[in-house]
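Asker: What follows is each chain in one-letter form.
2 protein chains.
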Amino acid sequence: MSNQQKELSKLRRRAFQRERDLAQKLWKLGFAVVRGPASGAKAKRVPYPDLVAIKNKYIFIFEIKTKEKEDHVYVEEHQISKLREFEKRSGGKAFIAIKIIDETDWRFVPLEALEKTIGGRYKVDKKFFREGLSLEDLYRDASGDKPLTEFLRK
Amino acid sequence: MSNQQKELSKLRRRAFQRERDLAQKLWKLGFAVVRGPASGAKAKRVPYPDLVAIKNKYIFIFEIKTKEKEDHVYVEEHQISKLREFEKRSGGKAFIAIKIIDETDWRFVPLEALEKTIGGRYKVDKKFFREGLSLEDLYRDASGDKPLTEFLRK
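Chains as they are written, first to last, in the working numbering: chain A, 319 to 472; chain B, 319 to 472.
Keep in mind that the hints were calculated from the coordinates and are not lab data.
These numbers come from a predicted model, not from an experiment.
Heads up, a few of these hints could be off.
Since the list can't tell identical chains apart, any single copy or any two copies may satisfy a pair.
Said to hold, decoys possible - Derived DSSO-like pairs (lysine-lysine); straight-line CA-CA distance at most 30 Å:
| id | residue 1 | residue 2 |
| --- | --- | --- |
| 1 | Lys411 | Lys324 |
| 2 | Lys417 | Lys343 |
| 3 | Lys387 | Lys406 |
| 4 | Lys385 | Lys324 |
| 5 | Lys328 | Lys406 |
| 6 | Lys375 | Lys324 |
| 7 | Lys406 | Lys324 |
| 8 | Lys411 | Lys375 |
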């Protein structure tokens with residue numbers, strides 16, 4: 319493998335680990351979780367989101383974007399279209415799941431909070447690393463129970 | 319690769335193609351579709367079903383079993399447990415999706431129609447290759463619309 323291939327393979331492995339991290343947290347909160355095939359996999363003739371989590375017929379759809387440091391996040395238009403199509407078909411709610419690696423917890427930004435840029439992409443403002451919805455918010459949304467605050471703060 | 323590895327790789331590729339075939343048919347019927355990671359993938363710390371299809375908050379969960387010829391299908395107990403867990407968490411309905419390759423259309427068998435064997439596995443009777451639910455039945459279940467009979471008979 320060339321150095322470039324090694325670097326790419328490392329990035330893919332890391333992206334995969336982050337998806338798994340979020341999948342496991344949602345699973346522990348009682349969600350049924352399905353992860354799409356890895357990015358770039360041949361499976362992609364039908365467009366899949368990164369993650370779908372379901373609880374009591376509440377359906378959450380995720381595209382995952384992580385950052386090394388606090389900065390705006392940009393999402394391609396075709397990814398937003400895919401998420402909207404999934405919302406429409408499933409009756410669920412789509413979010414961009416964001417996280418500053420080794421620094422912040424997962425935060426979730428609904429599509430209507432994104433700003434369209436002149437270039438046609440969509441911007442997730444960096445303020446959402448603090449102000450986005452938390453796992454606890456999603457949990458509360460999907461259940462009548464009290465939030466698992468203690469669990470989530472661990 | 320040894321001949322055995324080649325054979326295994328061929329079987330995996332075929333299983334993958336059949337999953338894709340069902341995923342595409344469901345997508346064309348208006349379902350949001352998510353496929354789990356390939357069997358044997360490292361992703362399996364959280365147990366995923368083969369396919370999840372959602373329409374209007376109707377959630378269908380599938381484990382896929384295909385046969386070369388008409389014969390009873392057996393499913394391992396841990397796979398049934400996984401499907402039941404997904405049903406419970408999501409509020410959805412799980413099916414074994416069966417098909418005789420190059421011969422029958424997809425048929426869907428709900429878990430309560432399976433018989434537990436003395437050995438602890440679950441048997442899908444071969445009669446369900448004819449009597450199981452059809453794609454049309456699932457479609458009708460998930461929508462108030464008229465079934466897409468013409469489309470489905472193509």
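Asker: Does each hint fit the structure? Answer for all of them.
Answerer: Here is how each hint holds up against the structure:
In this homomeric assembly, Lys411 and Lys324 never come within 30 Å of each other (Cα to Cα): the closest approach is 36 Å inside a single copy and 42 Å across copies. Taking CA atoms no more than 30 Å apart as the test, Lys417 paired with Lys343 passes inside one copy only; the shortest distance there is 14 Å, against 35 Å between copies. Taking the shortest Cα distances, Lys387 and Lys406 never come within 30 Å of each other, neither inside one copy (33 Å) nor across copies (38 Å). Taking identical chains as interchangeable, the C-alpha atoms of Lys385 and Lys324 lie at most 30 Å apart only when both belong to the same chain, with a minimum of 20 Å there against 40 Å between chains.
In this homomeric assembly, Lys328 and Lys406 never come within 30 Å of each other (Cα to Cα): the closest approach is 35 Å inside a single copy and 36 Å across copies. Taking the shortest Cα distances, Lys375 and Lys324 never come within 30 Å of each other, neither inside one copy (41 Å) nor across copies (42 Å). For the identical chains of this complex, Lys406 and Lys324 are neighbours neither inside a copy (38 Å) nor across copies (41 Å), given an alpha-carbon limit of 30 Å. For the identical chains of this complex, Lys411 and Lys375 are neighbours both inside a copy (11 Å) and across copies (11 Å), given an alpha-carbon limit of 30 Å.
Hints 1, 3, 5, 6, 7 from the earlier list are contradicted by this structure; the remaining hints agree with it.
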